[in-house]
Amino acid sequence: MAELIAKPVFAGQGPLEKAGLTLEPLPSGPIWLVALYPGAAARAAKLLKPLGLSFPEPGRCSSADDLRLIWAGRDQAFLLGAAPPEGLTDTAALTDQSGGWAGLSLSGPGVEAALTRLVPLDLRLREFPPGRAARSLLNQIPALILREDETRFAIRVPRSMARSAWADCALALERLEARAER
Amino acid sequence: MRVEGRGIIDRSRPVRFRFDGRDYTGFRGDTLASALLANGVRLMGRSFKYHRPRGVLSAGSEEPNALVEVLGKTNRTPNVRATMQEIFEGLETRSQNRLGSLRHDLMAVNDLLSPFLSAGFYYKTFMWPRRFWESLYEPLIRRAAGLGSLGGVADEGVYEKAWAHCDLLVIGEGPAALMAALTAARAGADVILADENPCLGGRLLSDGGLIGGEPAANWIAGVEAELRALPNVRIMTRTTVTGAYDHGTYGALERVGLHRPARPNLPRECFWRIVAARAVLASGAQERHIAFPMNDRPGIMLASAVRTYLNRFGVAPGRRVTLFAANDSARATARDLMAAGVQVAAIIDPRADASNVEDCPVHTGAEVVGSRGRHGLRGVRVRKGSETFEIETDCLAVSGGWNPALHLTCHMNGRPRWSEDLAAFVPMEAAVPGLTAVGAANGSFSTHGALTTGKAAAEAALADLGLRPAGVALPAAEDAPYNHRAIWAVAGEGRAWLDFANDVTVRDVRLAAAENYAGAEHMKRYTTQGMAPDQGKNSNVLALAVLADATGRDIPGTGVTTFRPPYVPVSIAAMGAGGRGKGFAPERLLTSDQASRDRLAPMVEAGLWYRPSYFPKPGETTWREACDREVRMVREAVGVTDVSSLGKIDVQGSDAGRFLDLVYTGMFSTLPVGRIRYGLMLREDGHVLDDGTAARLDDRHFLITTTTGAADQVARHLDFVHQAFCATWDLRLTPVTEVYAQFAVAGPKARALLDTLLDAPVGDLPFMGYRAVTVGGVAARLFRISFSGEQGYEIAVPADYGEALFRDLVARAETLGGGPYGIEALNVLRIEKGFLTHAEMDGRVTAADLGLGAMISAKKDCIGKAAAQRPGLTGAARGQLIGLQSDEPISAGAHLFRPGEAITPETSEGHVTSVCFSPVLGRWLALAFLRNGRARHGERVRLVDHLRGLDVICETGPPVFLDPDGGRMRG
Numbered sequence: 001m002a003e004l005i006a007k008p009v010f011a012g013q014g015p016l017e018k019a020g021l022t023l024e025p026l027p028s029g030p031i032w033l034v035a036l037y038p039g040a041a042a043r044a045a046k047l048l049k050p051l052g053l054s055f056p057e058p059g060r061c062s063s064a065d066d067l068r069l070i071w072a073g074r075d076q077a078f079l080l081g082a083a084p085p086e087g088l089t090d091t092a093a094l095t096d097q098s099g100g101w102a103g104l105s106l107s108g109p110g111v112e113a114a115l116t117r118l119v120p121l122d123l124r125l126r127e128f129p130p131g132r133a134a135r136s137l138l139n140q141i142p143a144l145i146l147r148e149d150e151t152r153f154a155i156r157v158p159r160s161m162a163r164s165a166w167a168d169c170a171l172a173l174e175r176l177e178a179r180a181e182r
Numbered sequence: 001m002r003v004e005g006r007g008i009i010d011r012s013r014p015v016r017f018r019f020d021g022r023d024y025t026g027f028r029g030d031t032l033a034s035a036l037l038a039n040g041v042r043l044m045g046r047s048f049k050y051h052r053p054r055g056v057l058s059a060g061s062e063e064p065n066a067l068v069e070v071l072g073k074t075n076r077t078p079n080v081r082a083t084m085q086e087i088f089e090g091l092e093t094r095s096q097n098r099l100g101s102l103r104h105d106l107m108a109v110n111d112l113l114s115p116f117l118s119a120g121f122y123y124k125t126f127m128w129p130r131r132f133w134e135s136l137y138e139p140l141i142r143r144a145a146g147l148g149s150l151g152g153v154a155d156e157g158v159y160e161k162a163w164a165h166c167d168l169l170v171i172g173e174g175p176a177a178l179m180a181a182l183t184a185a186r187a188g189a190d191v192i193l194a195d196e197n198p199c200l201g202g203r204l205l206s207d208g209g210l211i212g213g214e215p216a217a218n219w220i221a222g223v224e225a226e227l228r229a230l231p232n233v234r235i236m237t238r239t240t241v242t243g244a245y246d247h248g249t250y251g252a253l254e255r256v257g258l259h260r261p262a263r264p265n266l267p268r269e270c271f272w273r274i275v276a277a278r279a280v281l282a283s284g285a286q287e288r289h290i291a292f293p294m295n296d297r298p299g300i301m302l303a304s305a306v307r308t309y310l311n312r313f314g315v316a317p318g319r320r321v322t323l324f325a326a327n328d329s330a331r332a333t334a335r336d337l338m339a340a341g342v343q344v345a346a347i348i349d350p351r352a353d354a355s356n357v358e359d360c361p362v363h364t365g366a367e368v369v370g371s372r373g374r375h376g377l378r379g380v381r382v383r384k385g386s387e388t389f390e391i392e393t394d395c396l397a398v399s400g401g402w403n404p405a406l407h408l409t410c411h412m413n414g415r416p417r418w419s420e421d422l423a424a425f426v427p428m429e430a431a432v433p434g435l436t437a438v439g440a441a442n443g444s445f446s447t448h449g450a451l452t453t454g455k456a457a458a459e460a461a462l463a464d465l466g467l468r469p470a471g472v473a474l475p476a477a478e479d480a481p482y483n484h485r486a487i488w489a490v491a492g493e494g495r496a497w498l499d500f501a502n503d504v505t506v507r508d509v510r511l512a513a514a515e516n517y518a519g520a521e522h523m524k525r526y527t528t529q530g531m532a533p534d535q536g537k538n539s540n541v542l543a544l545a546v547l548a549d550a551t552g553r554d555i556p557g558t559g560v561t562t563f564r565p566p567y568v569p570v571s572i573a574a575m576g577a578g579g580r581g582k583g584f585a586p587e588r589l590l591t592s593d594q595a596s597r598d599r600l601a602p603m604v605e606a607g608l609w610y611r612p613s614y615f616p617k618p619g620e621t622t623w624r625e626a627c628d629r630e631v632r633m634v635r636e637a638v639g640v641t642d643v644s645s646l647g648k649i650d651v652q653g654s655d656a657g658r659f660l661d662l663v664y665t666g667m668f669s670t671l672p673v674g675r676i677r678y679g680l681m682l683r684e685d686g687h688v689l690d691d692g693t694a695a696r697l698d699d700r701h702f703l704i705t706t707t708t709g710a711a712d713q714v715a716r717h718l719d720f721v722h723q724a725f726c727a728t729w730d731l732r733l734t735p736v737t738e739v740y741a742q743f744a745v746a747g748p749k750a751r752a753l754l755d756t757l758l759d760a761p762v763g764d765l766p767f768m769g770y771r772a773v774t775v776g777g778v779a780a781r782l783f784r785i786s787f788s789g790e791q792g793y794e795i796a797v798p799a800d801y802g803e804a805l806f807r808d809l810v811a812r813a814e815t816l817g818g819g820p821y822g823i824e825a826l827n828v829l830r831i832e833k834g835f836l837t838h839a840e841m842d843g844r845v846t847a848a849d850l851g852l853g854a855m856i857s858a859k860k861d862c863i864g865k866a867a868a869q870r871p872g873l874t875g876a877a878r879g880q881l882i883g884l885q886s887d888e889p890i891s892a893g894a895h896l897f898r899p900g901e902a903i904t905p906e907t908s909e910g911h912v913t914s915v916c917f918s919p920v921l922g923r924w925l926a927l928a929f930l931r932n933g934r935a936r937h938g939e940r941v942r943l944v945d946h947l948r949g950l951d952v953i954c955e956t957g958p959p960v961f962l963d964p965d966g967g968r969m970r971g
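Line order of the protein sequences matches chains E and B.
Residues 1 to 182 (full-length UniProt numbering) make up the first sequence, in order.
Residues 1 to 971 (full-length UniProt numbering) make up the second sequence, in order.
In short, the hints are calculated from the structure, not lab data.
Treat the hints with caution; some may be incorrect.
[Said to hold, decoys possible] Label pairs and their in silico Cβ distance ranges:
#, chain 1, residue 1, chain 2, residue 2, range
1, B, D712, E, R182, 42 to 48 Å
2, B, E358, E, L125, 54 to 60 Å
3, B, A463, E, R182, 39 to 45 Å
4, E, R135, B, E92, 18 to 24 Å
5, B, E605, E, L125, 48 to 54 Å
6, B, G938, E, G12, 56 to 62 Å
7, B, A463, E, P85, 49 to 55 Å
Every residue, glycine too, gets a C-beta built ideally from N, C-alpha and C.
Excised from the complex, chain E in its bound form (with noise of 0.2 Å):
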């Protein structure tokens, strides 16, 4: 018989401080991948509305409590927080992804000054507000990036390339820091 021990993505990585902003890994948590059969919105919307979800309109988060669901495509969704409510398999392909991502957050006054080093979107307040979500690019890695309030992003990367996600998100804090020193 086996024993395995989980180790989650950033296990022992502890937060970064520089400029005035903070990196730190997220929690790590259920991630679903809730992609719609043609047709299902309305089953769907049935199904999220008594966890207090709908489902997202293009490059939108819906949130509830610790839950979100964020527009991951067209008619896909990730469910981060909890497993898909029962009933939702008919509707919707679900694939379980919960160690599949490496989540990183990026919070602090003037956030988005690190962010444009590395993320091509205009991540503008009145262009990005408070719950919206798009799929990007961190540097050359594919992200999922979600404002969570004015001044902190939750950006999600495929698990295997956290370790250049991180690196990348560092070294923009640190020349960040260089170019303020006086």
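We have chain E; now place chain B onto it with these hints.
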């Protein structure tokens, strides 16, 4: 020398720097050019071709002469414009393009040969003997002519790239730019104000004057304070907008650390990509010089530059200055000099009707026709009517009028329009969508014109953006007319330079015209005019005027050359920032990565993945020893290897089977639940795209695998097929490569190993069977598949458990006489069995070539099936997959020939794709494509590899070398 009471330099902050090995002192706020002039240094460089002594011509980024090398601790930057390099404590610089010292440049001998070195000289002279060009002539010419030199080591400096977005991008920092920025900012628009100088104000800093009844400096300070206090404004100084591109995207180069001592992590430069809904170009105008004989001596500079050095830097570029200008505005330079106590020797004005009322001698209707002074100007010769006379002077301020700095408006193929009134090109409207040129950049040369047009353009932009102007009062300002007469070249003895940077003279342009290179583009290429780092900013219009005169046309009829990005030279390091090392290739790490490294496995790249090559044991000195041991271990006991990098795609929905029938050559809809089938995918053109397996997890759920390198390609292909051909099907595709860690367990003891690991015994799981299992309570998937030809399983667990499972599997394998194996051994194992990788499926082969033609099901259609049957994609004339054996080393990439045939590209009958040494068979094995190969098993072929010097006779045979019946893997 310094002039008291002038300039915005900080005289309380002296700064020491070096130029050509000598120490100098300047002040904070100085450029290298202003600080050197203040120290009496006029000679700053040597010209490109003739090695003429040169001094500074301008005070801006268009400088053609004063190019220097900046020496850092680890890097050397050539061709830095001394007019843009700010000095800082410890700055080390030196002159360039010289042999010996700057003062005694041995290459100056070229200047004596100048009568022979005219345009087209190389083309005419170095024709024979032909082979001398590469070996002798070109190296000599390259050594004699040139710019600065590189340090010879890679630039390890830090460079950065970044994005910015705004509603309005204002390019410039003069009155038009400030007015535009203020107007837009007060209305609430997001504004970026970008300019290449370190401080705001533009020409106002040099020209002074009153705005709203106050000194211009007060107005600038007020506007700057307001802009800096607004949250919707970003001021980007030291940032040159270098190019205008599609969709309102602009490139810009920021000098982040070039004006400060180097520091770890501080970028030297940052290349910005600014996306703006609207843009205002307020880049001002650039003064023209005049092509009079011997107009290139140190001390001869633009009148506007003289005024800038005086008023902005507190430096008089000479003790006795002469002005040569055909417009009224340049006279202000003379007046400012006199007010500062600098002697003005004379004003030379070619206009006979110009005013001669000044506090210094004025010669109207006169021209400068010569100059003297070897390393610096000592005097000029003036012609007035029929008489000529000399004026002793050490600085000549020249103004031939102004050219709007309209370059960015031409970056999307727009051509400027000739304005007869201004004797200059002005921008064509809407040449760059969303960009409006204002102020001097659009030909409004007065301060009033700048303020008015800046405000109007911002208001128009606000209207486009749906914002209401908040009301900005237009302050009163100077609105003098631009009184000028066009003057291009002055006839006389001696050379008259047009393009200082590339040493192109009036004579060269006339020669080009005489030799029928009369079009603007032809003349440019024949003479190299405008092809230097200044991109012809100082010479284009002058050269066109001379060409027009030489060919009897007017200027607009002669044409205009094209301005292309970048507006100023941009270092490749800045554009490629982030691309050094692994910058553009993120590392993909397996969950077993650390465990493999703990065992000292060298990692090799497979796509972006890092996979263990082999696991060395004590005493093994080469990779082959480790690899051979690992192969025998798998064949005799059991081996474990990480196969997580293979692509995995979830295919769900009631149409999943139907979809796989469409994309694979084989039939999948009939696959029973719990079974796996090998599949081949074709491209639409009939060639093989990839191979892999599909397991049916339940009735409406398949999991397919792809090769490591083709995972993205296959995912894209499947998405395309889904969206283009069957979008309405009940089907969803989800890549899940990252979700599972998957390990192959292979060898005669594989089942025994798994029985000790799994919560329930493996039992009779058949070959190509699938079962859900648990490991220590963790849900896992068990697949009975084999890429080694042995009894083989692959077990997948959620990625979080990957490392633990790998360590556990390896430990258990070791108790059974097994252990981990790397991809070297994996490769040997699969070649012995004739299994394929993308070495064989290289994009040019068909299923028939691989001997898998029978896998294209006759019962149904599939992507690529029709195309695969085209003539030319079938038949014996094509290379067919075979096996090769040899007792001598052979190589992949080698070509195959019939023994006795000549070795030529035409007689090649095939090539080798994969090679290994089989420790089990004790021979070298290869997979290869040989013309009509399947009919030639047993023949001998000659293998030739010119690259590795191999020439070996091999035996051909079937591509499966070991256990052709598959008894070992099924058993």
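Tell me if the beta carbons of E605 of chain B and L125 of chain E are separated by a distance inside 48 to 54 Å. violated, 40 Å
Starting from the hint 54 to 60 Å, judge whether the C-beta atoms of E358 of chain B and L125 of chain E obey it. holds, 57 Å
Given the range 42 to 48 Å, decide if the beta-carbon distance of D712 of chain B to R182 of chain E lies inside it. holds, 45 Å
18 to 24 Å was suggested as the range; check whether the CB atoms of R135 of chain E and E92 of chain B agree with it. Between R135 of chain E and E92 of chain B, where Cβ atoms are some 47 Å apart, the hint is violated.
That 49 to 55 Å hint for A463 of chain B and P85 of chain E (C-beta), does it hold up? Given a distance of about 50 Å, which is inside 49 to 55 Å, the answer is holds.
Take a look at whether the Cβ-Cβ distance between G938 of chain B and G12 of chain E falls inside 56 to 62 Å. holds, 60 Å
May I ask you to test the hint 39 to 45 Å on the CB atoms belonging to A463 of chain B and R182 of chain E? Holds, since A463 of chain B and R182 of chain E (Cβ atoms, about 41 Å apart) stay within the stated range.
Checked against the numbered hints above, the structure violates hints 4 and 5; every other hint is satisfied.
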